[in-house]
Structures are given as C-alpha cells and as structure tokens.
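S.K.: Fit chain B to the given chain A structure using the hints.
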Amino acid sequence: MTTKLPTKEDLIGFAKELEILKQKTLAKIGKKDADYIRKTIRVQRLCEVAGRSFLMVGYVPILWIAGTVLLSISKILDNMEIGHNVMHGQYDWMNDENIHSSSFEWDNTCHSKAWQRTHNHEHHTYTNIIGKDKDYGYGLLRMDSDTPWKRSDLFNLVKFGLLSIFFQYGVGLQELDTEGIKTGTTTWKEKKPLFKAFLKKARRQVFKDYAIYPALGAFTGAVIPVLTGNMIANLVRNLWASAVIFCGHFPGGVHTFEMEDCKNESKGQWYYRQILGSCNFKGSKLLQIMSGHLSFQIEHHLFPDIPSYRYEEVAKEVKNICKKYNIPYNNRSFARQYLSTIKRMFNYSFPKPVFAVS
Amino acid sequence: MIVKEYTSKVFKEIKLSMFNTSANKYFEPLVNYFLPKQSLTRKLAKVIRQKNELDDVITLTLQPSKKWKGFIAGQFIELTFEINGVRYKRFFSISSRELLYKQKGQIEVTIKKQFKGKVTEWLFNQNIVNSRITISDAMGVFVLEQTSNKPILLIAGGSGITPIKSMLESYTGDSKLITLVYYGKTNQHLFQNKLTEICNQKGITLHFIDTNIEGRITAQQADKYCPDFTNSNIYICGPIGMIEKVKDLGLHYNITPESIKEELFHPIRFDMNNNIKKEGFVSINNQSKLKILSDGTTSILDLIESNNLNINSGCRMGICHQCICEKTSGVVLNKKNNTLSDTSKEMIQTCISIPVGDVYLNL
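Protein chains in written order, with my numbering: chain A, 18 to 375; chain B, 3 to 365.
Read the hints as simulated data drawn from the structure, not as lab findings.
Be careful, since some hints might not be right.
Said to hold, decoys possible - For lysine-lysine, the following PhoX-like pairs were computed, each having C-alpha atoms within a straight-line distance of at most 25 Å:
no. : chain 1 : residue 1 : chain 2 : residue 2
1   : B       : LYS39     : B       : LYS6
2   : A       : LYS225    : B       : LYS204
3   : B       : LYS27     : A       : LYS56
4   : B       : LYS6      : A       : LYS130
To be verified - A few chain B residues facing chain A, derived, Cβ under 7 Å:
no. : residue
5   : ASN22
6   : PHE36
7   : PHE83
8   : GLY87
Where a beta carbon is used, it is the ideal one built from N, C-alpha and C, also for glycine.
Just chain B, with the same shape it has in the complex:
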C-alpha cells in the first residue's frame, strides 16, 4: 500500500515537474487545435440543430462526444459558450427524452431569451450549428423516482417545464398516476402540442394554467386540478416565488418534506435600468455562519477583513491580482472600470469588487 502511494506521489511530482500542470492541460492547446473534435480536458458536444420554438425560445440539439456519460431525465448540464474571446458558463435542463440519447446519441436543451442576458442575447443572433461547445456531465437530483403507488403531481412554471418534459417522455412507470399542472403567461406555454400528445398517449392528466387569468398557485387550485395532492409526491420546477408557495402549502397541509422535490429556475436577469437591489449578502464557502451583510458600496475585501476573516491582499487598487478569489455566483461591480461582472462562476479581484445583491464566494 505504502509502495503504491509512494509511486503515485512520485509520478505526480514527475508530471508537475515536466509540465507545471497536468499532462492533459499541457497538450490540450495543441490537441484541440489540430483535432477540433478532440479535447483532453473538456467534453465537447456538436450542435446539430438550432430551432425556434417561440419568438424568444430556442431549442438546441446537441450530440455529445462519446466521453459523455449520459443522463437521467430531469437532470441539467452546464454549457460553455465563447463570446468575443470570453467563456461564459450557463446551466440548462435537458428537455429531450432519454431514448433520443440512447438511440441517436442526441440531447436537446430549450433556452429562453433573458432580457439583456449576455449569453442568450448572443445566442439568438447566431447560427452555431456545426460548432462544438463544452458540455459538463449531467448533474442534479431532480429525477422522477417512484417506489410506491402514490400519485405524482408535477408543477411547472414558465421555462421550468423543460426538465419535466424530459421526465414525462422518459417515464416508464405507471403514468396514470401523474398529473401535470403547467403555469405560464397567456400563450407562453412551451411545447403545448407535444405535451398534449404525450399526455394523451400516456394517460397523464394535463392542465395548462394561464397565470394572467388564474394567477399563481393556491391551495384551491391544487385541490381543483389534483384532488389528492396532499397525498402525492410533488415535483416542482419554476421560479423561487412558486417554489416557496408550494412549500408553504406543504407545511400547511402536513405534506412530508421528503414528498416535495424542487428545482429552482431563476432567470439570472440583470437590468441596469430598473431599480437594482444593491444591498444583499456575501456568502462564504456556502457556510450559513459566514454570511456578511453588504450595503452595496463596500468592496468585498473590506467586507471580509472587517469580519476578521483572512484573505490575501496586495496593492488594493486592482493591479497586482493578489486578492483574487472565486465567485461561484452573483454579480459584482468592478470599481476600476465601472462594469458589472457576469453572473456565473469566475475569479474576481476582491479589492475592486463591490457586491450587487447576493454574492457567493469560495475562499
């Protein structure tokens, strides 16, 4: 055992000495350039098709490379797009059925254009068919598991229908137990025809609810559309308001927390013109004890230091990059050039970054 550990340590030292990084990362620039289909460090997917579902909704059909490990209906992936030299990462639920991947090796993601969204605005003006993008392994635990005979209530809000569509199409259990209630604005429901077709085929109870007419979810509605909802396994995917409402109902009607599974779909929308909520908190390493209140005017470095936490610093004016840390999500304002950051994971210089709203960091 010790010999094995020792030899692997020695190999690691040899690799670090030779390449200053991993061998894969070292050769990647050459491999990926001369053989664009290959990558030593990433999984690639070819864009096969780009289709408009609605004015502001696109479906991309992707063919992941053989290295990709497949998915379970309801899971999501992280796609990386390169726009003007910058790499942006975004999460998308897979909206196609499992069989499409098993038979043809293809998956679909359905993307809704975000108002002033960096990636989606770009995507809607591009034709990226035949290009290759980076794809992550499938992630998430929002999958349809059914071990009992309890009825299943699926609640979708807006574009939250995407993982649920995949679930419905892939489910091989007793689908007559399923009720789908899909909330959306007038004429904004996605996949109306497809969903109606699947539900008819499989005997699934389907209700499209126009929020402009019936408003958001209430106990009466739940009761109306799914009479035994208090006894069901509930799966909800949509905006935060909707999820919180359902959880409230759950508490009220004594539905066990394990019976409610949720997937949060928050459009990471950022609009400079409307009143942005500048105040928020800075969460460190996802620890609930490490949440620093931010007033929207103090730099992250100052906030962290005033809470007696240790962080490297240097010139404190955004030049030496000593104070860099990872922002896992959230937006910061760069004091030096007065620009807002992207919403996804990236490295930031804490001395010149001011949180705008809630920011999550990894120190």
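Pulled out of the complex, with its shape left as it was, chain A reads as follows:
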C-alpha cells in the first residue's frame, strides 16, 4: 500500500529547518573531511596490498585467512565508504582529481558511470516510487501485496539469496532493465551498448581476481590459495554490501509512493519521501564505517552529497526535527532490520501474506 504525501503547505517549516541544517553542515566541511577520506583510502590500499601479499603465501592456512580477511575489508571499504561516497560527489569540493566523482572507478563489476546513472540519478530521484525505483525489488523480488503474485515468487527467498551472493553482478546488470524489456518500455537494442560497457568492466574484474593474481601466485606456488582467497573476498563483499543496502529500503515499516503524487513535489515533500522510504540501523563506529555510513540511510537520502563522515552529527538534529513535525524515523538494530527484511521476502513469496502487515 503506497503512502500519500502531506501537502506542500504542511511541510514548509519542516523543509526550512532541514535546509538550514544542510547549509550549517556544508559550512563546516574542510580539512577534517579531506583528512578522513585520505586516511580511509590509505587504510584500504594497505589492506589490499597486505591481503594480496598474504594470499601469495596462502598455502599457510593462517596467512590465507589473514589475507582473505584483509582483502575482504579492502573491497568493502573501496565499495562502501570510499567508492559509493566519492561517486556521489561528496568530496568533489576538494578539487583532487583522484578523489572525484567524474573519474573514480571502484572494485566492482558495475561500471562507475552505470552506477552513477542508476543509483545517483534514478534511485535517489525516484526513491521508493513504485515502478520508478528499480532498487525496490531489483526487478526480481516481490516486496508487497501491491504487486500481483506469480508462481516464481515462491522462490523469493532463493532469489534473494542468489542476489546477495552475486550482488556485484546484480548491480552491474541493473541498468539493463530486463523488466522494462519484457513489458516493452524499452528494447534490447537500446540497452545493448550498456551491456557491452558492463561486459568490459566485468571482464577486467574477473581478469584481475581470477587470472592475473592467480597467475602471479604461480611464482610463489600459491595459485589455488590466491584464487580461493579472491573468490571468498568477493563473496564476503557481496553478502555484506547487499545486506547493508537491503536494510536501507526493505525492512518492514518502510513506505512506498505513487509517481502521480510525486510529480511537482515541493522540497518538503521530497524530504518527506526520502525519510519515509529509508531505514537506519544502529551500531558501533566500526559498523558505521564498514557500511559506508549507510547505517544512516535516512541522512544519506536527505543529503547525498554531504560527506558520509558527517551523517552521525547530522542525524541528531534530523531526529529532533522529525520528532517536532511528527514524522516517523525508522531506526533499529542491524539484526532487527535484516530479520525484518527476510521476513518480508518470506511473507510475499505466497499469494496471501503469512504474517500480518503493519
């Protein structure tokens, strides 16, 4: 069931307070943020260098574990805290061409430009609008009773599992809009160049982890350890990234909207939709960094180009503003959000939902 937006007039004060908060935060941005992203990049590079080096002698079990763990951390940091945020333009103000949304390429089969189109543009503009936000279900999963049930939905959880395991491919192929091709809103011909771009990037990624580094491993007699280490690191990154991202918009209690309602949205209505369509999760500082600060999905959706490092301080005021204007703010533990997501996947596998819907 979709949610109606409050009127523009009702949200004027709300929008104003959020705008003031944004300008206040933007004014603070400077050396601290620059130092933070540089430090994060250093840590990521060290983890990758160390991780891949350990894997080169990964025939020693403890070194294989250490190497795989470090490589997983490096891929997670590169994708979540660095890549996603840099590509949003959060650090463009630094005028550093190596930390800039126009040139950053991440360790993922999804090409940076494709990601910017589907994520920065589509997902952030049409957040949770049924039929427009492809992230809502990824064209694979049945999310609510609004979608008519079909037999393949019985495999909702299986599809969910597969999407999690192969998440980087799910993300890379999202632009192909297979749903749209089926329903006729677009054609394979239109999508072909995008598919070719995907193949080019995916080929490089596969080449790197499954050909180049294992080949280098031949010099130290560690081809299999390198291969398996890289595979597991990719898997860990996929599982973690998908979990964090699903917890942003899939848990119970999240709201969806109709396109008709959202045309000519005011700033206040846009903010409202971003808040009601997103969920936060609570956690330690480490969890926040490893999730690329998407533990603050709400703040990220309100202010996508404010450096994620600032979301925690911004969240305090956002919570107060929501309380003041009686706007729901979804913030629970990571475990609860994830379980709620699994529950949802299970629920809508069947024509009639098993659990009562809030």
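M.R.: Frame of chain A; chain B shown alone:
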C-alpha cells in the same frame, strides 16, 4: 610493430584491471604519506624562504624536486596550495634568474596579494616555509629570443615585471639593445633597487614610470623612452588594457605582429560588493564558434541545451552529478548553496551553475 602495439594494449588492460586507475595513482596515497618528499603523480617543491617585498607582495623561494625539468627565463608555473582541505591552482611567473636554478636548484616566485583573493589572502597569513607544494613543469612562450640586432623594448605593468626581471637577469646576449619601461603606481614598483642594479651592470636603459603622474602608455611616451620602438622587438607583460594599447600602437605604426610578444597578467580578482558584471559568455572547448551569450541568470546546462549541444544531464537539481563538466577558468554561481566558485580549473555541475562574467568550459 603490431606486436608492440598489442603488448602495450595488453599491459594497459592489465594495469586497469588491477588498479582501476594507473599504478602510480593507486600507490600515491601510500607513497606520499610515508615518504612525504616523494610523489608518484606530482612534482613537489619545498618552500625554502618566504620574504615580504612590500606590504602586499611576497617572494617565495622554492626548491623543486629533481624530477622538475627546469625553465627558461620568462616562463611561468602552476602551483597548487591546499587550503582547508581544498586544492587551489594558480599560475605564477618565475621571477628569479636561470643561474639560481642551475647553481642552487632554487627558483623564486613573486606574488601580489589580490583583494579578497582566496589563495593570496591565505598565503599572506601563513608561514609555509619547509612545507611542500605541487609545482607544474614550466610553461609559456614568453621568452627573450634574439636572433637579429634589432633593439628590444620590454614593457612591464604592475606585477607583470616578474617574468621580465627573470629575463633581464638571465639574458646573455647584447643587453645594450634593451630598454625597459616599467609602469606602476606611485611607490608600487617592485624590485626597484634590484632592477636599477642589474640595468646599471648590464647597460640596459631603464625607466620607471609613475602611472599616477604620467598615466598609461601612449605613443609619445613610447617615443620618448624608446625612440626606435617602431623598429624594436617588443615584449609586454601586464594587464589587458595595457597590452591592447600597445597592440593598437603596433597597428598604427605598422609594427609587424610577430615583433610584439605578450603575456597577460590579469589579477583574477573577484569582489562581491562592487558591481560584478554578471553577463558574459560561455566558451566551449576554446572554439570561437562555440561562444554562448549568458545573461547571468540561466544555468550552464540550460544555455548549452538551448544551443542544441549535447550534454549529459540527470536530476537537474545538483544531486546526481551526471551533468559534470570541466570549467577551465571563470567564476560560476552555485544555485544550490548560493556560493561563488573559485576562478581556476575545476569540475562543476552544469545544472546548478550560473556563469558570472565569462566562463571557459571543456566538454
């Protein structure tokens, strides 16, 4: 040949696959952090000395790393300063003589404080001695070449004296052919003592002209201070008004265009309080046919699209960064947070950028 091309292509693919960027750019954050003197992607220079010439003029003595390729007198460099996390690039002419670099490996730049200039205002309040800044290779063709026996007329305006000072100090030809006419406001001439000393030593005719008394350059002045100026090789460095005046004189007196070499020194000054000229043009890829008139209220994205040019766009509200392009120079107003951009090269979101005056883009 084909084998060579193929193998280099393969190597490039391997590097891109491994690092998603060049190997140098990948390791740079680690290298530069643990070995601050080194950089895999930039040339660094150590700031040796910072000296006040006048109240609003500073000279920095720099020691470039061994990777730097040296310079010819009259050339300029681009320095990058990091202020509060942001990198700003600015151009400066080298004001020291070539021998200083050849013997001691040092160069000097002389910087004048710009009114409300972001970089210069910061610089004048800092002590950056012993820090390292990024330095570009020397650029520019404003160099003293003399293949004939024609007299040489050097005209400097304000801080435009900087490359000319370097030229004078480094010139090894017949310096008695040279006349220097230096225009400046009362008591604002830089390097007065030094210039007098060099010119005495080398037999160069030197004239300091106080613009508050004698005004700006005219044909009579040129004739007075350099009687055979119509037959000279003329080198001029200063503000745009001065350069245009000299070129006019050149046309008037049939001086061949090749005899006049110029270097434009425009203080990239930006003052919100005075009447800023909002209207201007947007120049695309430096092509004279691609100059779009701007009224100072329309976004660059709208201007480009209304001229039927292709540019990416997305949310059109400054969030998705799809419409980014490179601004090589000029100032834009950011509609989203109502701030003015810097004047130098940077990337901008065209949907929320409104040109203020003339803007140069690379699409």
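S.K.: Next, verify each hint and record whether it holds.
M.R.: Results of checking the hints against the structure:
Distance restraint check for LYS39 of chain B and LYS6 of chain B: the Cα-Cα separation of roughly 35 Å exceeds the 25 Å cut-off, and the hinted pair is therefore not satisfied. For the suggested pair LYS225 of chain A and LYS204 of chain B, the alpha carbons sit about 64 Å apart, so the restraint of at most 25 Å is broken. Note on LYS27 of chain B and LYS56 of chain A: the hinted pairing holds, with a Cα-Cα distance of about 15 Å set against a maximum of 25 Å. Under the criterion of a C-alpha separation no larger than 25 Å, the hint pairing LYS6 of chain B with LYS130 of chain A is inconsistent with the structure, at around 31 Å.
With its C-beta approaching chain A no nearer than about 4 Å, ASN22 of chain B sits inside the 7 Å limit, and its interface hint holds. The criterion of a C-beta within 7 Å of any C-beta in chain A is not met by PHE36 of chain B, whose closest approach is roughly 9 Å, and the hint is violated. For PHE83 of chain B, the suggested interface contact is broken, since its CB lies about 11 Å from the closest CB of chain A, more than 7 Å. For GLY87 of chain B, the interface hint holds, since its Cβ comes within 7 Å of a Cβ in chain A; the closest pair sits about 3 Å apart.
The structure does not agree with the numbered hints 1, 2, 4, 6, 7 stated previously, though it agrees with the rest.
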